[in-house]
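*Asks:* Residues per chain are reported as follows:
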Amino acid sequence: MHGILAYAFGGILALLVVASAVTALLIRRQPERSYTSVKLRIQTWWWLAGLLFLALSFDPLVALGLTAFVSYLGFKEFVSLVPTRPADNPTLLLAYLAIPVQYLWVHMAWYGMFIIFIPVYVFLLLPLRMVVAGETRGFLRAAGTLHWGLMTTVFSISHLAYLLALPEHAGAHGPVRGELLVFYLLVLTQLNDVAQFLWGKLLGRRAIAPRVSPNKTLEGLLGGILTTTLLAWLLAPWLTPFSARDAVLAGLLISLCGFTGDVVISAIKRDIGVKDSGRLLPGHGGALDRLDSLTYTAPLFFHFIYYFYY
Amino acid sequence: MPTTPLLKAGQAVLRWLFMLFVAYPLVLLGLGLRVRHRERLPAQGPAIVVANHNSHLDFMVLLSLFPFLSVPRVRPAAAADYFCKVKWFEWLARNFVGILPIVRGGAQKGEADPLSACYRALEAGQILLIFPEGTRGQPEQLAELKPGIWHLARRFPEVPIVPVFMHGLGRALPRGSFVPVPFQVKVAVGQPVPLLPDKADFLVSLRNAFEYLRGKVAPPAPAEEDEDQSGAEEKSEEFTKNVSC
Numbered sequence: 289m290h291g292i293l294a295y296a297f298g299g300i301l302a303l304l305v306v307a308s309a310v311t312a313l314l315i316r317r318q319p320e321r322s323y324t325s326v327k328l329r330i331q332t333w334w335w336l337a338g339l340l341f342l343a344l345s346f347d348p349l350v351a352l353g354l355t356a357f358v359s360y361l362g363f364k365e366f367v368s369l370v371p372t373r374p375a376d377n378p379t380l381l382l383a384y385l386a387i388p389v390q391y392l393w394v395h396m397a398w399y400g401m402f403i404i405f406i407p408v409y410v411f412l413l414l415p416l417r418m419v420v421a422g423e424t425r426g427f428l429r430a431a432g433t434l435h436w437g438l439m440t441t442v443f444s445i446s447h448l449a450y451l452l453a454l455p456e457h458a459g460a461h462g463p464v465r466g467e468l469l470v471f472y473l474l475v476l477t478q479l480n481d482v483a484q485f486l487w488g489k490l491l492g493r494r495a496i497a498p499r500v501s502p503n504k505t506l507e508g509l510l511g512g513i514l515t516t517t518l519l520a521w522l523l524a525p526w527l528t529p530f531s532a533r534d535a536v537l538a539g540l541l542i543s544l545c546g547f548t549g550d551v552v553i554s555a556i557k558r559d560i561g562v563k564d565s566g567r568l569l570p571g572h573g574g575a576l577d578r579l580d581s582l583t584y585t586a587p588l589f590f591h592f593i594y595y596f597y598y
Numbered sequence: 003m004p005t006t007p008l009l010k011a012g013q014a015v016l017r018w019l020f021m022l023f024v025a026y027p028l029v030l031l032g033l034g035l036r037v038r039h040r041e042r043l044p045a046q047g048p049a050i051v052v053a054n055h056n057s058h059l060d061f062m063v064l065l066s067l068f069p070f071l072s073v074p075r076v077r078p079a080a081a082a083d084y085f086c087k088v089k090w091f092e093w094l095a096r097n098f099v100g101i102l103p104i105v106r107g108g109a110q111k112g113e114a115d116p117l118s119a120c121y122r123a124l125e126a127g128q129i130l131l132i133f134p135e136g137t138r139g140q141p142e143q144l145a146e147l148k149p150g151i152w153h154l155a156r157r158f159p160e161v162p163i164v165p166v167f168m169h170g171l172g173r174a175l176p177r178g179s180f181v182p183v184p185f186q187v188k189v190a191v192g193q194p195v196p197l198l199p200d201k202a203d204f205l206v207s208l209r210n211a212f213e214y215l216r217g218k219v220a221p222p223a224p225a226e227e228d229e230d231q232s233g234a235e236e237k238s239e240e241f242t243k244n245v246s247c
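Protein chains in written order, with the numbering used here: chain L, 289 to 598; chain U, 3 to 247.
Calculated from the structure, these hints are not laboratory results.
Just so you know, not all the hints are guaranteed correct.
[What the hints assert, rightly or not] Computed far set for chain U versus chain L, every beta-carbon distance over 12 angstroms:
| id | residue |
| --- | --- |
| 1 | K10 |
| 2 | R42 |
| 3 | L43 |
| 4 | L124 |
| 5 | G136 |
| 6 | G150 |
[What the hints assert, rightly or not] Computed from the model, here is a short list of chain U residues facing chain L with C-beta under 10 angstroms:
| id | residue |
| --- | --- |
| 7 | L31 |
| 8 | Q186 |
| 9 | V187 |
Where is the CB? At the ideal position from N, CA and C, for every residue including glycine.
Turn these sequences into a full structure, and let the hints steer you where they fit.
*Replies:* This is the structure:
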């Protein structure tokens with residue numbers, strides 16, 4: 289394993305140990321209050337950190353396969369939540385087929401195809417298959433929701449895997465490889481969620497999107513932006529090729545876009561009429577509940593670094 | 003049904019192989035389950051599990067709800083006219099899935115009791131899976147319940163009848179389609195349905211049990227935490243309507 293990555297995972301381990309210890313302490317101090325949700329959430333974080341370790345410690349192919357599987361789980365959750373017409377089943381199979389194909393382009397590092405396959409070819413192909421099926425009632429809605437699902441859960445998330453296909457780049461502490469960038473993006477996106485949640489709990493007064501997500505507050509958002517940007521700046525010399533200015537910009541980008549992805553997926557869940565997208569991750573909800581911020585941060589971070597550094 | 007212990011063990015191995023290489027991959031990876039009250043499933047036979055029927059995957063979902071080791075003692079009842087038409091297919095269904103063939107309409111044709119295989123399974127302390135609708139019917143709709151289950155229950159009055167409702171399989175593999183599409187499936191297990199002396203009353207109470215469980219899984223799950231859910235209730239109505247049309 290990459291030397292820096294070993295230290296990075298050490299940091300995650302320390303963070304999780306502290307989180308678990310604090311929760312255990314809180315449960316002992318205040319037995320009358322229920323911390324079940326927090327406890328479950330942290331337990332799930334342990335699993336997710338283990339999964340990330342598994343993904344980044346071996347061959348890049350393992351990471352690629354796991355990311356593709358995460359896309360599959362997210363897309364499956366999405367199409368299970370939204371209403372679909374029975375006539376769309378063959379089209380849905382085609383959409384599922386787009387997942388391995390998209391990750392094949394990533395594996396081949398064929399950037400041109402990777403970047404247009406879902407937005408252009410799949411976008412044009414799926415309606416054709418729907419015309420063959422012949423059901424016109426609800427056509428636009430079906431075509432729109434299906435493609436929306438592919439864009440968020442497959443196209444956006446696959447940018448995470450494409451970071452691994454990027455060539456090595458010189459950094460302040462040695463060469464920077466894709467694994468380090470994936471780690472940087474994932475950890476900052478997820479910690480940003482946690483930081484916004486914690487700052488919101490601590491200081492939250494003014495609701496920022498009361499109709500979409502009543503628990504999100506301005507104080508939480510600002511606290512999250514500060515925490516994430518500070519961390520982005522601190523970690524950048526080891527994990528990225530960023531200059532100090534670019535690291536701050538990346539931190540701002542991740543925290544603001546992470547928030548946006550979170551509220552956008554919240555709006556969709558509210559539209560459908562569910563609170564959580566599933567029960568795959570105890571304490572968090574479904575896969576989509578954890579992927580929400582990433583649907584924004586993964587492609588935007590990727591293009592930020594791709595434009596300025598590759 | 004196999005008689006010698008060796009045959010029995012062989013069949014158990016085949017059924018485990020079926021679970022490992024067909025049922026679990028299809029159900030857990032291909033579909034994905036959300037189960038409410040799995041603990042209400044009978045751990046010991048004899049017991050009868052009744053479920054709604056929309057898809058050929060239904061029995062795999064039901065089998066995968068049970069602990070791996072007890073799967074060989076769970077026996078799905080299946081229509082003989084469908085599963086026993088072709089010899090090799092019947093052999094596969096009997097040995098890998100452990101089906102109990104039921105001759106549909108056999109009682110009217112004056113044949114032997116169509117449920118006799120089920121009687122023997124219950125007498126042997128096995129867990130019987132039955133689809134009282136008798137057929138897969140329209141996607142995500144509950145068809146008329148057939149009275150066979152009442153006759154079965156009357157013959158074994160102490161055996162619990164546990165209702166299970168599955169939602170989503172009519173989307174994943176509806177009648178007439180052959181390639182399953184990945185969709186999550188929600189499953190709700192209910193309290194045992196008491197046996198009633200009158201056939202019609204019993205079928206109504208069984209139907210009510212199914213409808214109650216449908217209400218638990220067909221609309222999106224209600225809020226469990228403090229987050230405000232205004233509008234979610236009406237929306238869920240709309241959602242189910244859209245799905246089933």
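*Asks:* All hints are to be evaluated individually against the structure, with a verdict given for each.
*Replies:* For each hint, the structure was consulted:
A cut-off of 12 angstroms between C-beta atoms confirms that U/K10 is not in contact with chain L; the least separation is 37 angstroms. For U/R42, the shortest C-beta to C-beta distance to chain L comes to about 18 angstroms, beyond the 12 angstroms cut-off, and the non-interface label holds. Under the 12 angstroms C-beta cut-off, the non-interface status given to U/L43 relative to chain L holds; the minimum distance is some 18 angstroms. Every C-beta of chain L lies more than 12 angstroms from that of U/L124, the closest at about 34 angstroms, which supports listing it as non-interface.
For U/G136, the non-interface assignment is confirmed: its Cβ lies about 22 angstroms from the closest Cβ of chain L, beyond the 12 angstroms cut-off. For U/G150, the shortest C-beta to C-beta distance to chain L comes to about 29 angstroms, beyond the 12 angstroms cut-off, and the non-interface label holds. For U/L31, the interface hint holds, the least distance from its beta-carbon to any beta-carbon of chain L being 9 angstroms, beneath 10 angstroms. A hinted interface residue such as U/Q186 counts as satisfied when its beta carbon comes closer than 10 angstroms to some beta carbon of chain L; here the least separation is about 4 angstroms, so the hint holds.
Taken as an interface hint, U/V187 checks out: its beta carbon lies about 8 angstroms from the nearest beta carbon of chain L, inside 10 angstroms.
Violated hints for the displayed structure: none, as all numbered hints are satisfied.
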